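Visitor: Chain by chain, the residues run as shown.
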Amino acid sequence: MYKSIIIVIVIIIATLVAVNISHEDEPANLKLEQLKQKYAFKAVPSVDHHKLGVLHKKFETPQEVTETCLTCHTETHKEVMASSHWNWDRLSYVKGKGVYASGKKNVLNNFCIGANSNEKSCAKCHIGFGMDSNHYDFSNARNVDCMVCHDNSEEYFKGSSMAGYPDRTVNLENVAQSVGLPTRNNCGSCHFFSGGGNNVKHGDLEVSQLSCDREVDVHMATNGMNMECVACHTAPNHQMKGKLYTVSTNNINRAKCQDCHTTTPHFNDVLNRHGSKIACQTCHIPEYAKVNSTKMSWNWSDAGKLKDGEPYSVEDSLGNHSYLSIKGSFDWQRNVKPEYVWFNGTAEQYRLGDSITTDVVKMNTLHGSYNDRNSKIIPVKIHRGDQIYDTEYMRLIQPLLYGDKKGDSAYWNDFNWETAAKKGMEIAGQPYSGKFDFIKTESYWPLNHMVSPKDKALSCVDCHTRTGGRLENLTGFYLPGRDTNKTLDTVGKWLLIFAVFGVVSHAGLRIGQDIKNNRYKKQVIDHNKEEQPDRLDS
Amino acid sequence: MSKVYIYKGFERFWHWSQALLIMFLAITGFEVHGTFDIFGFEKAVAFHRTASWLLLGLIVISIFWHFTTGEWRQYIPTTKNLKEQLRYYLVDMFRGKKHPTKKTQLRKLNPLQRLVYLSFKLVLIPMTLISGIMYMLYKSFDENNIVIVEDYPLESIAFWHTLGAILLIVFLIVHVYMTTTGETPTSNIKAMVTGYEDLEEDTKSSDKNENENKEKVNPIKKVKK
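Protein sequences appear in the order of chains A and B. So in our numbering, spot 291 of the first sequence is number 291, and the numbers just go up one at a time. So in our numbering, spot 159 of the second sequence is number 159, and the numbers just go up one at a time.
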C-alpha cells in the first residue's frame with residue numbers, strides 16, 4: 001500500500017515534469033491578439049477636407065494655407081508652437097549644468113555639425129516657413145507649416161535650401177484639401193532623411209519602412225500590422241510622445257514598448273525578469289539597417305580634396321558615397337549588430353560653446369550604469385568621426401557650410417576651413433582663436449525601430465557565453481554564463497582532481513594490500529574446498 | 001550475521017531521488033556556469049529551475065520525515081570512536097582489521113559519517129540552497145513590483161552557489177567511493193537499494209549512547225529474515 005502510493009506519486013510528478021519540458025507549442029498570446037485587434041482598426045476621419053469650401057481657392061503662399069487652417073482650428077497654432085518640432089529646443093534639467101533650453105538650435109552633432117549659420121538648408125526639416133537665419137521669429141503663427149505633417153496627397157515637399165518653404169511645383173490647393181492624420185510618408189520625409197540622405201543618421205529609420213515585410217519591422221510591415229508612426233508616437237495637443245536622445249535630455253514622455261506590451265509580455269517568467277535590467281529593444285532588435293546601409297563613420301578631416309580644382313565623389317560597392325570633397329570620407333554598413341550601453345533615460349549633449357575635456361568628444365552622453373536602478377541595457381548605433389575644433393579655446397567649431405555662391409566663406413563652395421570656421425563662429429556669436437584641428441567624436445543613437453519577429457530575437461547564448469557574446473564589452477557586473485570567479489574555478493578544479501586522486505589511490509592501496517595478503521586467493525581456495533566433495537561425488 | 005531492515009522505504013526514495021537531483025542539478029548548473037554545453041543554455045536554465053523546485057520539495061518532506069520518525073537523532077555528533085574510525089580508513093583497513101564501530105538499526109552512521117552528513121545537512125545544503133534561492137529570485141521585479149533580492153551582489157551569490165556545487169561534487173565522489181568499504185564492496189549500495197543489510201548480531205552493547213538512543217527512537221519495523 002505504502003509502496004504503491006509512493007510509486008503513483010513519483011509517476012505523476014515525472015509525467016508532469018516530462019509534459020512540462022517537452023511541451024513545445026505556446027498557447028495563444030491573448031495580450032498580443034488584443035493589441036493586434038486594437039491596432040487593426042483604422043479610424044475614418046470625421047471631416048473630408050475636400051468638401052470644405054474655404055479650401056477651394058488659389059493659394060499664393062503657403063502662409064495663406066496656414067491662415068485658412070486656423071479659421072477652423074482656431075487654437076491649434078498655440079499647441080504646435082509649444083512643441084519641440086517648432087521650437088527646435090526643449091527646457092532640460094541636466095545634473096551639474098542646471099536648467100537650460102537645448103535642441104537643434106544649439107546642439108552640435110558629428111554629421112553636418114550644426115544648424116547654426118546653415119539654417120537656410122537645415123530648415124528643410126523645420127515645421128515652419130522662412131527660417132533663413134538664427135534670428136527666426138518663433139512667435140509668428142503664420143509660419144507654422146501644417147502641410148508637412150498633415151498632407152495625405154503625398155504631393156507636398158519642401159524645397160532644397162529654401163528655408164523651409166515648399167517646392168515651387170507643389171499644388172497648395174490640392175494639398176490643403178487632402179489633409180489628415182500624419183502618415184509614414186509625412187514623418188519619414190524628415191526622419192528617414194536626417195543627415196542629408198536615406199538612413200544616414202538613425203540606422204533604424206529609412207524609406208524601406210514605407211513598404212517592408214515583417215523581417216524588417218514587425219510593426220510597420222505591410223504584410224503585418226502596417227502601423228503608422230503616430231500609432232505609438234501619439235501627439236495629444238501636438239506634443240509628440242517619444243524623443244531622440246541626440247537632442248533631448250529628460251526621462252519624460254517617452255514612447256515605450258511597455259506602454260502597449262506591458263512589463264510581462266512573455267510567458268516565460270525568466271524572460272520577463274530580464275526586463276528589469278534589459279530593454280526590450282536589446283533582444284528584439286538584433287540588427288539594424290536591414291535594407292539600406294547607414295553611415296557608421298564620417299571623417300571631416302578628409303574633406304577638401306579636389307580633382308583638377310573641382311570637388312568629386314567616390315562610391316562604395318553598394319552605391320553609397322564613400323568620399324565627398326565637401327564632406328570627407330564615410331563608412332557605410334548594412335545589417336549592423338548594435339553596440340550596447342547602460343541607459344537610464346537621461347542624457348546630455350555637446351552644446352555650442354561647451355569645453356572639450358576628453359580625447360574623444362561625446363556629442364551626446366547617455367547616462368546610466370549597472371548600479372543605477374533605473375538603468376537598462378539598450379542597443380545603440382554609435383556614429384564615430386572627426387570634426388573641426390578650436391585648439392586654443394578647446395571647443396568644437398560650428399563652420400559655415402552652406403552658402404549661396406562662391407566666395408561667401410561657406411566650406412561647401414570655397415573648401416577653406418579657415419574662412420568657414422571664422423564665418424560660422426561669427427554668425428553663431430562664438431569666439432574663435434583662428435587655430436583649428438580635427439578631433440575624434442562619437443554620437444549615440446538608441447535603436448527603437450526595425451523590431452524583428454520574435455524568432456529572430458536574440459537567444460540566451462548571444463549574451464550568456466564565455467567569449468564573443470553581445471555584451472562582451474559591457475563589464476562591471478556578473479553575467480551568468482559569461483563571468484566566473486577565476487580563483488574559485490581553479491580551486492574547485494584542484495579540489496575535484498584531489499578528490500579523485502585520493503579515492504583512486506585509496507582504492508589502489510586497498511587492492512594492493514588485499515593481493516599482498518592473498519585475501520582473494522584464500523577465498524578462492526575456501527570456495528573450492530567447499531565444492532570439492534560435490535565434484536568428487538559426481 | 002543477520003539480515004536487518006536498515007533503510008526504510010522513504011529513506012531510500014529520498015536518498016536516491018536526492019542523489020539523482022543533485023547530479024542533474026550539477027550537470028545543468030555547470031552548463032549555466034559555462035563549463036560545458038549539453039542541453040543548450042536555455043534548456044539548462046529551465047531544467048535547473050525545475051529540478052531545484054523538486055529538490056526543495058523533497059528536502060521539505062525529508063525534514064518532516066526526519067523529525068516525525070526521530071531519525072534526526074542518527075546525526076547527533078559524537079567524538080567517541082571518531083579517531084578510531086579515521087584511523088581505520090587511513091591505516092587499519094589496509095591491515096585487514098574490522099570496522100571499529102558496529103552498524104545497527106538505531107546507529108546506522110559511524111562517528112565520521114555523523115559529522116560529515118551533519119555538516120552536509122546543516123552547512124553545505126543550506127549554503128547551496130539559500131544562495132540558489134537568492135539566485136533564482138534575483139532582480140525578480142519590474143517597475144511595478146517589489147524588489148525581492150537586489151542589493152546583494154549577484155557575484156557573491158554566484159560565488160557561494162558555485163562553491164556549494166563544487167563541494168557537493170567532491171562529497172559525491174568520496175561518498176560513492178566510501179560505499180565500497182563495507183563488508184563487501186557492494187554491500188552498502190545493495191542495502192540502500194533493497195533496505196536490507198547483513199549486520200552482525202547486536203549482542204551485548206557497551207555503548208551508552210546507543211542505549212540512550214534506543215529509548216528515544218521509536219521502535220522500527222520488525223526485523224525480517
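It should be emphasised that the hints constitute simulated quantities derived from the structure, not laboratory data. Hints may contain errors.
Simulated crosslink set (DSS-like; lysine-lysine; CA at most 30 Å straight-line) [what the hints assert, rightly or not]:
#1 Lys-516/A <-> Lys-103/B
#2 Lys-31/A <-> Lys-43/B
#3 Lys-3/A <-> Lys-80/B
#4 Lys-98/B <-> Lys-3/A
Just so we're clear, the structure is a prediction, and the values are computed from it rather than from any experiment.
Visitor: Given the proposed pairing of Lys-31/A with Lys-43/B, does the C-alpha separation stay at or below 30 Å?
Guide: 25 Å, holds
Visitor: When you check the alpha-carbon spacing of Lys-516/A and Lys-103/B, does it fall within 30 Å?
Guide: 28 Å, holds
Visitor: Run the distance test for Lys-98/B versus Lys-3/A: straight-line Cα separation, threshold 30 Å.
Guide: Status violated; Cα separation ~36 Å.
Visitor: Quickly compare the C-alpha distance for Lys-3/A and Lys-80/B to 30 Å and report which way the hint goes.
Guide: 37 Å, violated
The structure shown violates the earlier hints numbered 3 and 4.
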